[in-house]
Amino acid sequence: MSRWKTSRLIAALAVFASVAAGAACDDDDNPNSPTGNEVKLIAGLSPFNEVPAVSTADSSGSGLVTITLNLTRNAAGTITAATADFNVSLTGFPSGTTLNAAHIHPGVTGVNGPPAVDTGLTPGQIVLTNGAASFTRAGVVLTPATAQSIISNPAGFYFNVHSALTPSGAARGQLQFQG
1 MSRWKTSRLI AALAVFASVA AGAACDDDDN PNSPTGNEVK LIAGLSPFNE VPAVSTADSS
61 GSGLVTITLN LTRNAAGTIT AATADFNVSL TGFPSGTTLN AAHIHPGVTG VNGPPAVDTG
121 LTPGQIVLTN GAASFTRAGV VLTPATAQSI ISNPAGFYFN VHSALTPSGA ARGQLQFQG
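Take 1 as the starting number for the sequence shown in the working numbering and just add one per residue.
Hint data in this document are derived by calculation from the structure and do not stem from the laboratory. Any given hint could turn out to be false.
Restraint-style ranges between C-beta atoms, simulated for each label pair [unchecked claim]:
no., residue 1, residue 2, range
1, V127, P34, 20 to 30 Å
2, G77, S168, 33 to 43 Å
3, T72, V127, 29 to 39 Å
4, G77, V51, 31 to 41 Å
Even glycine gets a Cβ: it sits at the ideal position worked out from N, Cα and C.
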């Protein structure tokens, strides 16, 4: 084989190896990839993110939610089933604040939307003793279409908690991928 053909063969093999290595590192290796089976989202919760901003005693509160979407996908990568796990921490609210609900809603910053995913929290179930509390909800079922919409545009959704004092929403935050 001539030196020129050998050089071309080596170059072609190098390109092939580079492409193959890139293909082997697909997003499914990253558990938080939008194409993986587990997607983690977070949102910092603030009364000032609510629309309109909270002006009651709840305005001193804040919090953080971590949401894990647990997905089942078919061979084509399409989501066929989904559940969500919620881990919520709240602080700075008036002592004895009771929560009525917690949801994911569609809506960009400054826009309200109807609940899309309900955590199943019932009125009075969580009381923020000394103005702080944490709660979790696991295995909350959501539709594959809703899960895909959230993954495709997390900033187009927000999470909020509702209190007895501020039933329209006490603290809100736009979703983003945890990274």
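Status of each hint after checking the structure:
| no. | hint | in the structure |
| --- | --- | --- |
| 1 | V127 x P34: 20 to 30 Å | violated, 36 Å |
| 2 | G77 x S168: 33 to 43 Å | holds, 38 Å |
| 3 | T72 x V127: 29 to 39 Å | holds, 35 Å |
| 4 | G77 x V51: 31 to 41 Å | holds, 35 Å |
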